[in-house]
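Colleague: In the order they appear, the protein sequences are chains A and B. Residue numbering for the first sequence follows my numbering, starting at 7 and increasing by one per position. Residue numbering for the second sequence follows my numbering, starting at -12 and increasing by one per position.
Rather than coming from a laboratory, the hints here were simulated on the basis of the structure. Please note: incorrect hints may appear among the correct ones.
As the list claims (entries may be wrong) - Computed footprint of chain A on chain B; a stretch qualifies when at least three of its residues, placed anywhere within it, have a C-beta under 8 angstroms from a C-beta of chain A:
| hint | segment |
| --- | --- |
| 1 | 144 to 152 |
| 2 | 285 to 292 |
Claimed, not checked - Taking lysine-lysine and the BS3-like style, the derived pairs with C-alpha atoms no more than 30 angstroms apart in a straight line are:
| hint | chain 1 | residue 1 | chain 2 | residue 2 |
| --- | --- | --- | --- | --- |
| 3 | A | Lys149 | B | Lys272 |
| 4 | B | Lys272 | B | Lys242 |
| 5 | A | Lys61 | A | Lys200 |
| 6 | A | Lys142 | B | Lys272 |
| 7 | A | Lys142 | B | Lys8 |
| 8 | B | Lys135 | A | Lys27 |
| 9 | B | Lys135 | A | Lys28 |
| 10 | A | Lys142 | A | Lys200 |
| 11 | B | Lys242 | A | Lys142 |
| 12 | A | Lys61 | A | Lys27 |
| 13 | A | Lys149 | B | Lys135 |
| 14 | A | Lys61 | A | Lys126 |
| 15 | B | Lys242 | A | Lys198 |
To be verified - Cβ pair distances, simulated, as ranges:
| hint | chain 1 | residue 1 | chain 2 | residue 2 | range |
| --- | --- | --- | --- | --- | --- |
| 16 | A | Arg244 | B | Asp235 | 30 to 40 angstroms |
| 17 | B | Arg96 | A | Ser100 | 18 to 28 angstroms |
| 18 | B | Asp191 | A | Pro143 | 45 to 55 angstroms |
| 19 | B | Asp(-5) | A | Ser155 | 45 to 55 angstroms |
| 20 | B | Asp(-5) | A | Pro144 | 35 to 45 angstroms |
| 21 | B | Asp191 | A | Pro80 | 49 to 59 angstroms |
| 22 | A | Ser100 | B | Thr95 | 15 to 25 angstroms |
| 23 | A | Ser37 | B | Asn90 | 31 to 41 angstroms |
Beta carbons are placed, not taken as given, at the ideal position from N, Cα and C, and that holds for glycine.
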Amino acid sequence: MPSDTPVFAAEAVSCTFGHGKKLVRAVDDVSFTIADGEIVSLVGGSGCGKSVVAKIMLGLIVPTSGSFLYRDNPVHDLRAHWREVQPVFQDPFSCFNQFFTIRSQLTSSFGIMKEKPSRKQMEERVDQALLAVNIKPPEIEGKYPFELSGGQMQRMLLARIFILRPRVLVADEPTSMVDACVRANILDYLMKLKRELGMTIVFITHDIGLAYYVSDRLFILHGGRIVEQGAPDEVTLRPKNGHTVRLLEDIPDINREWLRR
Amino acid sequence: MAPIFEVDDLRLHYLTRFGEKIHAVSGVSFSLAKGEVLGIAGESGCGKSTLVGGCMGLFIPPLHPTGGDVRASGVSLMGRTPADVRKNVLGRTVTMIPQGAFNSLNPTRRIRDQAADMIASHEQGVDRRRIQERLRERFSLVGMEPDKVLDAYPIQITAGMRQRCVILISTLLNPQVVIADEPTSALDVTTQKSVIRMMFDLLDKGVFSSMIFITHELPLLRHVAGRIAIMYAGEFVELGTTRQVVFDPRHPYTKALMGAMLSAEPGQKGRKPVAIEGAPPDLSKPVAGCRFAQRCPQARDDCRVERQELRTVGDREVRCAYAV
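The whole structure should be built from the sequences, with the hints applied where relevant.
Modeller: Right, dumping it as structure tokens:
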């Protein structure tokens, strides 16, 4: 049941690294709220601070100043937080241990739960999750991460999400390492998570086209600040900020002149 | 004009430790004229990157040539040892731009030293000071500040800058053909544009003569390539001018690939990108019939039996008996 409490509420959040002359303001006075059941995209080029915001959401980085609340509470107990908020990262190969089979790692993800289901139930849930991402369980039986392709591994990361069914998913560039066909698949699974499990999804990307396709609301980031936000149609069709215009123009599009030579 | 680079019926296979042969590239032919940019597109695992190794004549086990020929200015690149290829072919005749710039640079050495190595290892007895001048010239040519970049370690510069350095280093010896294997896939859209602009700058200024651009992004190819080849399961399934392939695709696979694309345009939000169901065939066994037949929406019974050959349909080559 969606509640009225915002999932994330950020108030004047800043995050800096280093000190003195070398101080870097990765996130600079950012405020936003994300409602239950929403798909929100954070869009920006390299170094705009979008991944730092993702890590703040996951509790991996504590903001330097400002208040950051998850359902009205600050993030303290990380294990409890991760029961509700789970990530999908860009590079699936760096998320899985090369020395264990994929199946054993998927099963071990139940370790985050307070009460583990029985062995049989766990195996069933893993099977269901694999089918949810269009992989037949025998296909990965006894296989190790390096034996699968990048697209298959990215689907394994998503299978983890289907297993754990968190309330919130933070997807940090989940499609930037895969080809166009797999990308369409992964976007489909994200929509499925929202539709079937009512998940709140924070989608982080540099491709405003993808963000436009999946999200209910867009945030455009530049230099650690939110420079523009709004409904996808509003932001992409009538952009007001120069950085948004730039992001839109830089996507190579079939029907528009892109590179003048 | 005579083509400067020709690939003729190139067949390549990987030999696994179980003695199994995986035919990653089977019968690819194309030629490149001076100043031309050929785009090769296809999904992961279709043999794009294997083809790169073949085009350089660089066969490092488990990759082996099965047959066919690669010629640069009429000289065959086949049948050479890897050491010979590295010394006499790479850098001067054919050069490759890899995807991950970070993996291609040594993190413990300055860009200047790595670039100087490139020249020193190919040209015997060249003057050290002369090398530094050449580096300076080349970096200034594309509007980079030589002193700032050359003295940096790879970690001190941005990802886009690193990729630009890799491109400049690999083209230092003015090669004839540049093979760019997903050169911008790891970069964000804004950086991608500036990197590609620099590559064309080098092409226009005559640093290299022609380019093979490999990517899975068809919209990007539309802007960079003059001709496009679509690759599937080790074969070219469609080869034609950019306009023909992108705007009027004839092969069912090309059409499906175009259907999987998205763009932020008015009225596109409801349009669902259609992923192609299924997986490419297992290339360790001989494939009967058309290789795309298992996933093709228009496949007929004889498609699964008869091998398809490239044939000319409306000025382009298509590997489909029913393409019109």
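Colleague: Does the Cβ-Cβ separation between serine 37 of chain A and asparagine 90 of chain B fall within 31 to 41 angstroms?
Modeller: 39 angstroms, holds
Colleague: Does the Cβ-Cβ separation between arginine 244 of chain A and aspartate 235 of chain B fall within 30 to 40 angstroms?
Modeller: 32 angstroms, holds
Colleague: Would you say the C-beta atoms of aspartate -5 of chain B and serine 155 of chain A sit inside 45 to 55 angstroms of each other?
Modeller: 30 angstroms, violated
Colleague: Tell me if the straight-line CA distance from lysine 149 of chain A to lysine 272 of chain B falls inside 30 angstroms.
Modeller: 21 angstroms, holds
Colleague: Hey, lysine 242 of chain B versus lysine 198 of chain A, does the alpha-carbon distance stay inside 30 angstroms?
Modeller: Given that 30 angstroms is the threshold and the Cα spacing comes to 25 angstroms, the pair holds.
Colleague: Could you grab the alpha-carbon distance between lysine 61 of chain A and lysine 126 of chain A and see if it respects the 30 angstroms cut-off?
Modeller: It is violated: about 34 angstroms lies between the C-alpha atoms, which goes past 30 angstroms.
Colleague: Against the range 18 to 28 angstroms, how does the distance between the Cβ atoms of arginine 96 of chain B and serine 100 of chain A compare: consistent or not?
Modeller: For serine 100 of chain A against arginine 96 of chain B, whose Cβ atoms are near 25 angstroms apart, the range 18 to 28 angstroms holds.
Colleague: Please verify whether lysine 149 of chain A and lysine 135 of chain B have alpha carbons no more than 30 angstroms apart.
Modeller: 47 angstroms, violated
Colleague: Taken at face value, is the distance from the CA of lysine 242 of chain B to the CA of lysine 272 of chain B at most 30 angstroms?
Modeller: Since the Cα atoms of lysine 272 of chain B and lysine 242 of chain B sit roughly 27 angstroms apart, the hinted pair holds (cutoff 30 angstroms).
Colleague: Confirm or reject the coverage of the segment 144 to 152 of chain B by chain A under the rule of 3 or more residues with a beta carbon closer than 8 angstroms to the chain's beta carbons.
Modeller: holds (count 3)
Colleague: For the pair supplied as a hint, lysine 142 of chain A and lysine 8 of chain B, confirm whether the alpha-carbon distance does not exceed 30 angstroms.
Modeller: Roughly 26 angstroms separates the two Cα atoms, so the pair holds.
Colleague: Tell me if the straight-line CA distance from lysine 242 of chain B to lysine 142 of chain A falls inside 30 angstroms.
Modeller: 27 angstroms, holds
Violated hints, listed in ascending order, are 2, 13, 14 and 19; each of the other numbered hints is respected by the structure.
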